[in-house]
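Student: Here are the chains, one letter per residue:
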Amino acid sequence: MWKRRKGNADGDAPAKKFQKKSYGKESNDNDADTTVVCEIANNKRVSVRNFNGMVLVDIRETYVDASGEKCPGRKGISLTLDQWNILREHVDEIDRAVAESK
Amino acid sequence: MAEKEELTAEQKMIEEKVIEILKSSDMDKTTEAKVRKLASEQLDLDLSQPDYKSFVRGVVNSYIEHLEDQENQKEEQEEKGEEEEVVAEENEEEGEQGQGAMEYDDNGDLIICRLSSKRRVTWGEFKGRNFLSIREYYDKEGKELPSAKGIALTAEQWACLKENVPAIEEAIKKISSS
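Chains V and U supply the protein sequences, listed in that same order. When we follow full-length UniProt numbering, the leftmost residue of the first sequence carries the number 1, and every step to the right adds one. When we follow full-length UniProt numbering, the leftmost residue of the second sequence carries the number 1, and every step to the right adds one.
Because the hints were derived from the structure by calculation, they are not lab data. Possibly wrong hints are sitting among the right ones.
Stated by the list, open to error - Covered stretches of chain V (chain U as the covering partner; in silico rule of three or more C-beta atoms under 8 Å from a C-beta of chain U):
| # | stretch |
| --- | --- |
| 1 | 55-65 |
| 2 | 81-88 |
| 3 | 93-99 |
Bear in mind that the values here come from a model prediction, so they are computed numbers and not experimental data. Note that CB positions come from ideal geometry on N, CA and C, so glycine has one too.
Just chain V, with the same shape it has in the complex (with noise of 0.2 Å):
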């Protein structure tokens, strides 16, 4: 009877929240606080966010919604400047590693 509590702090609000959001129609290319940098295939692209005073490096893919217009989906990662800049400095540890599988 008296199970042991089991915390689950990990929480991710802002990716969650953005999540959610991106199916509405206010955050795409218009949004003034958003940057789409570039499209790295058809459906993906990268973006620098300001979410509530955070800026966030967004690797996401899109989709077309009814209007024609690229809309951020689901899949895809929110990553904050710190994760953004340790993958920055892992750059040529990924080259080594894709060149190596080729």
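Fit chain U to the known structure of chain V by using the hints.
Tutor: Just chain U, lined up with the frame of chain V:
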């Protein structure tokens, strides 16, 4: 502590017995009633009487608190250990390029780096093609499994992303200063 000093010999005996039983029980399955019953049998005392009952409850509760404290401490230590591990890996990478032991996950994918305790960059095969995966993992029964939160890039898409690193940096600067 003051209470403990006033324990009678009988209470001490009950306390010892209850803790002994608790230590040998599966804490996820046993109940206070079961522990009390066992102790009653072994001590040949009817512990279901109100005074005994509340005393046993107190012993059980303080034991559970003690367990939880221990568990919390363990978790903290594990977290610390994890951090140290990551730091050690980074040092290794910086020291000798590519000579450190490569680390692979349960899928056989190469773990290139960790962006946080839950986020990883991996390189591995999926359906016959290689992908760079930037992904969040979750813990299931002690196993770390990839979650839906993340993205998989082909080598070409990665090359494109890499080329755009300066442009991304520029955008970060701009948005940070606005």
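Student: According to a criterion of three or more residues whose C-beta lies within less than 8 Å of a C-beta of chain U, is the stretch 55-65 of chain V covered?
Tutor: Contact hint for the stretch 55-65 of chain V vs chain U: holds, 5 residues under 8 Å.
Student: Checking C-beta pairs, does the stretch 81-88 of chain V have three or more residues closer than 8 Å to chain U?
Tutor: holds (count 7)
Student: Between the stretch 93-99 of chain V and chain U, see if three or more residues pass the 8 Å beta-carbon test, and mark the coverage as holds or violated.
Tutor: The restraint on the stretch 93-99 of chain V holds, since 6 of its residues have a Cβ under 8 Å from chain U and three suffice.
Going down the numbered hints, you'll see the structure goes against none, and every one checks out.
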